[in-house]
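Chains as they are written, first to last, in the UniProt record's numbering: chain A, 1 to 308; chain B, 1 to 308; chain C, 1 to 308; chain D, 1 to 308.
I should point out that these hints are in silico values taken from the structure, not numbers from a laboratory.
These numbers come from a predicted model, not from an experiment.
We put the beta carbon where it would ideally sit given N, CA and C, even for glycine.
A few of these clues could be false.
Heads up, simulated DSS-like pairs for lysine-lysine below, C-alpha to C-alpha not over 30 angstroms straight-line [unchecked claim]:
1) LYS83/D with LYS300/C
2) LYS32/B with LYS227/A
3) LYS83/D with LYS22/C
4) LYS227/B with LYS32/B
5) LYS76/D with LYS283/C
6) LYS83/C with LYS22/D
7) LYS83/A with LYS32/B
8) LYS283/D with LYS227/C
9) LYS300/C with LYS76/D
10) LYS130/D with LYS83/C
11) LYS300/B with LYS83/A
To be clear about the criterion: a stretch of chain A counts as covered by chain B if any three or more of its residues have a C-beta under 8 angstroms from a C-beta of chain B, and this derived list gives those stretches [unchecked claim]:
12) 84-97
13) 242-248
Looking from chain D toward chain A, a few residues come up when the C-beta cut is under 7 angstroms (computed) [unchecked claim]:
14) ILE81
15) TRP82
16) ILE97
17) GLU101
18) ARG165
19) PHE167
20) ALA168
21) ASN171
22) PHE172
23) ARG174
24) ALA175
4 protein chains.
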Amino acid sequence: MDMQAIVDQVYSELTPRIGEGKVADYIPELAKVPPNQLGIAVATVSGELYVAGDAATPFSIQSISKVFMLTLALGKVGEGIWKRVGREPSGSAFNSIVQLEHESGIPRNPFINAGAIAVADVVLAGHQPKEAIGELLRFIRYVADDETISIDNTVAKSETATGYRNFALANFMRAFGNLDHPVEQVLGVYFHQCALSMTCQQLARAGLYLANRGVNPLTGHSVVSPKRARRINALMLTCGHYDGSGDFAYHVGLPGKSGVGGGIMAIAPGDAAIAVWSPGLNKVGNSALGSAALELIAQKTGWSVFGS
Amino acid sequence: MDMQAIVDQVYSELTPRIGEGKVADYIPELAKVPPNQLGIAVATVSGELYVAGDAATPFSIQSISKVFMLTLALGKVGEGIWKRVGREPSGSAFNSIVQLEHESGIPRNPFINAGAIAVADVVLAGHQPKEAIGELLRFIRYVADDETISIDNTVAKSETATGYRNFALANFMRAFGNLDHPVEQVLGVYFHQCALSMTCQQLARAGLYLANRGVNPLTGHSVVSPKRARRINALMLTCGHYDGSGDFAYHVGLPGKSGVGGGIMAIAPGDAAIAVWSPGLNKVGNSALGSAALELIAQKTGWSVFGS
Amino acid sequence: MDMQAIVDQVYSELTPRIGEGKVADYIPELAKVPPNQLGIAVATVSGELYVAGDAATPFSIQSISKVFMLTLALGKVGEGIWKRVGREPSGSAFNSIVQLEHESGIPRNPFINAGAIAVADVVLAGHQPKEAIGELLRFIRYVADDETISIDNTVAKSETATGYRNFALANFMRAFGNLDHPVEQVLGVYFHQCALSMTCQQLARAGLYLANRGVNPLTGHSVVSPKRARRINALMLTCGHYDGSGDFAYHVGLPGKSGVGGGIMAIAPGDAAIAVWSPGLNKVGNSALGSAALELIAQKTGWSVFGS
Amino acid sequence: MDMQAIVDQVYSELTPRIGEGKVADYIPELAKVPPNQLGIAVATVSGELYVAGDAATPFSIQSISKVFMLTLALGKVGEGIWKRVGREPSGSAFNSIVQLEHESGIPRNPFINAGAIAVADVVLAGHQPKEAIGELLRFIRYVADDETISIDNTVAKSETATGYRNFALANFMRAFGNLDHPVEQVLGVYFHQCALSMTCQQLARAGLYLANRGVNPLTGHSVVSPKRARRINALMLTCGHYDGSGDFAYHVGLPGKSGVGGGIMAIAPGDAAIAVWSPGLNKVGNSALGSAALELIAQKTGWSVFGS
């Protein structure tokens, strides 16, 4: 079966279920997104793009941004980042603070909120939040080869006003000396990265470097080394879906990173980057239909990293 | 470079480091094993076997047996097993009891001790421990195609006499109604499975079904479905090394399962099953040189599931 | 108002509520006790005894026995006991194991189950369980000045058969090296001490030494020093009711120790020892009516240690 | 022995140890306090004041202020306060956040930091921080009958600048809906209450209402009901010294509240209020010499609530 047929079939299989799950409501702006949407985009390393459904509708990528910020931070400080954040699954919710107290303010991995805040602190590197946000925006536009990608400031503002748990996490890390910059600055960056607005098409293209040994095959731009691409994929597989990472690996079998906006970016190493989006979330906070779409795609393509 | 050259090279690169790490001493019998040993065996799906070092020396496979017991239990009760045990990384040590109290006696995954005890309870299925142990032994001989594999009763006895934490875990689960059989019977099975004595060669062959869509390519025996093979691999990748699983995925990039005897079995889906053994353990309880050997092998072969 | 009038009034005030709460059902034998009972006994340091209701009906004193065992253990090893067990409130349930893992197998205090098991280990002191149980029985008969007090072996057997959590706690401590004797022996003592069968009258008299500077005023026997009596009272006040200790201090204001059999022994230093009993338990596992009775008695007598 | 002789004797017994312990250094301003100081003041219900050492030197009362704020809050909302905060010992450090996550943002008791922040929120009651601080200041001057008591704004500022953990706690509670006012306002009150500057003499007098059935015997002012006085005393005994409360009850036997400034206020119901101060802290964060002084005083006076 050719790829477009697969994407179409997955979309039509899931059409009856569109609207499943629960839209995130703890960020007021996200609660307003209409739930009945499903987008799928597959960007292959050979340069093709296959889409279905709402693949051209921009959405808030939220935690998926953590993958790009980690890429940036690794570029800045290399493996030194692991003094500031671990790389083990957390065994707890995305916004848990318990582990921080037990482990001296070092977050378990860069994909839980606390870890991403530490990464944002590393990316700040003495600059103003505005500059760091600008750097991220330039980076994401570069990897996606798309100058139209932007940040939704309404969403960023909404999170700033209500993100008490993130303020708690940041202050807690600061108390342990694991933030170099003022809490407000670090969270300024963090809330803006989460508010990046992208379509499935843009996101699939942006992830291609992780599927292609660190090089975007569309532009030829080298983003990271092959080894680093593998390592980021490994982190996505073990830690990319909070306390649902094991389940995602079990059912989908691809490195991936989800966001509470309902997006998921998944990587089939050597083959493709995939972006799916549907706002309704399952119990562990990942897109219900997005997960289902990826499971079907992995099944039909045989792309699971765990065997065909 | 051909495979034998790779295996030889890895062995010789690591020779100067033989003896690194700390031999497990909480099981008296294991503490007696001479530390200066390193074995490597790679069994490919095409039927070749490549070995180096102490690949023909039997050792206690300990927790690696959890993979085979899970395979057996899935065969008995299918996906129903997930009512008894979760499939998420635990974020804690192999013998932690904290999570059990917080999550009503349901262990996080089948590869931490508590989870493996629940799996042993499933395999017991109303029989006597002797029969269940016999069933496992027949199974392991079948998948390894080797009738000489046996259980080291001295090790089993040693663990029975000192395995207080396992008794604590089992009694705790029993209190929550998550054990169907008496604690002594379940642990009877558990301590004997851990005392399986195998060589790297035997273990590599025994794991081949997981690398080859569920079928042992040497015998043609179908052990599990391709889907189930993928899923067991996924569990090994996310949970196979306790609280060092993230690190192992990051550095090695292969599904694997370690044991405190110093063995590690790793799977390169579509390519090979690998067994390494060296008694000295690193801080998180995995073979120090075994991990290093697998990292080198993955690097030289490009077998990482996260990209070449 | 004279004391008998107070006791009668409290009994009659509570009569309409007899049967409140939930009888402990995790020990099968206890579940059989008829719930509609309430006994009150006040033994004053001046030698009087005031009773009401079912004060002459024997019941299983359960955890109240921990006070007497602690007294025995302090007699054997003095303040050295505090190397084996702490003296801080636990902030968790009576049978929690989480704290043991976080604090290296040292229970928080002698009145949670784990702590009492450590105390039983100290009392064993190299003897057989039978001898330690005999010693406790002699001690309790001595302090209560009553040779008829006995142990209900059916209850002890019932707990032995179902006390999985206590087996878990004991094995866990043994794993940390905080038990000197085999788990079965220590729990043999523990389950028998819990099965002590006493009436409110007997229990009130048995507690008198704690109200009277360490000396039983009825017999003149010196049991402990005044300082030790004060200290045991302090432990009862801060830790005597598991995670309901703060609440009990707030409402009653007397050192006390509850048991899941529905009994509570409370001490009014300088004035009296009080025993109440009613099988129905409140949410934190203390006798619902027993707590209410003590609150009323403390109110009417002005015996609260926190001011009149 | 008369009271002045006791106070003098305690002071002279401890003189050789002056300087013991470690001055709190996480609040920069407190770290500057010279350690070699010890003050003792005993205010009896009969109206006498006995002092020794540095009893007239003002110090930062820090967490001792929590007793007065709780009194104020109980006056405002009565027993309704217990919907916002528990009254059980926490079993953890004064600034732990773990319990908040496990118990839905309800702090365990009003004397750990999180609980005191909730109490400050209650006292705010829709007003500006300035007004709430003014109210507290008026209240403390009233109960101490001393118009010279003031707040050290340098200390308040120092805590505001470095109190990351308190910001974390407050944001965390706010995330759970357990703060009605903005975090900055609540902490504005909290940091100023902690910065109250008082001498031992002032503090002993301020505590007298708790020793005298709710009435200050010097002024005749009724502050709380006898029942409420008892209950506040009960809370101080079970929760007044964080994770050292059990130990304090064991050794001293009086309700008390400590502060990281090195002060402790203790209550001998029916007899006296005692204030001691010495900046060096012991391992659990209570004044080392202050604790020792109170143990000696309790011993020499027989004031322990647990028996003479």
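Status of each hint after checking the structure:
{"no.": "1", "hint": "LYS83/D with LYS300/C", "in the structure": "holds, 28 angstroms"}
{"no.": "2", "hint": "LYS32/B with LYS227/A", "in the structure": "violated, 39 angstroms"}
{"no.": "3", "hint": "LYS83/D with LYS22/C", "in the structure": "holds, 24 angstroms"}
{"no.": "4", "hint": "LYS227/B with LYS32/B", "in the structure": "violated, 40 angstroms"}
{"no.": "5", "hint": "LYS76/D with LYS283/C", "in the structure": "holds, 29 angstroms"}
{"no.": "6", "hint": "LYS83/C with LYS22/D", "in the structure": "holds, 24 angstroms"}
{"no.": "7", "hint": "LYS83/A with LYS32/B", "in the structure": "violated, 36 angstroms"}
{"no.": "8", "hint": "LYS283/D with LYS227/C", "in the structure": "holds, 24 angstroms"}
{"no.": "9", "hint": "LYS300/C with LYS76/D", "in the structure": "holds, 27 angstroms"}
{"no.": "10", "hint": "LYS130/D with LYS83/C", "in the structure": "violated, 49 angstroms"}
{"no.": "11", "hint": "LYS300/B with LYS83/A", "in the structure": "holds, 28 angstroms"}
{"no.": "12", "hint": "84-97", "in the structure": "holds (count 7)"}
{"no.": "13", "hint": "242-248", "in the structure": "holds (count 5)"}
{"no.": "14", "hint": "ILE81", "in the structure": "violated, 22 angstroms"}
{"no.": "15", "hint": "TRP82", "in the structure": "violated, 23 angstroms"}
{"no.": "16", "hint": "ILE97", "in the structure": "holds, 5 angstroms"}
{"no.": "17", "hint": "GLU101", "in the structure": "holds, 5 angstroms"}
{"no.": "18", "hint": "ARG165", "in the structure": "holds, 4 angstroms"}
{"no.": "19", "hint": "PHE167", "in the structure": "holds, 4 angstroms"}
{"no.": "20", "hint": "ALA168", "in the structure": "holds, 4 angstroms"}
{"no.": "21", "hint": "ASN171", "in the structure": "holds, 4 angstroms"}
{"no.": "22", "hint": "PHE172", "in the structure": "holds, 4 angstroms"}
{"no.": "23", "hint": "ARG174", "in the structure": "holds, 4 angstroms"}
{"no.": "24", "hint": "ALA175", "in the structure": "holds, 4 angstroms"}
Checked against the numbered hints above, the structure breaks hints 2, 4, 7, 10, 14 and 15 and satisfies the rest.
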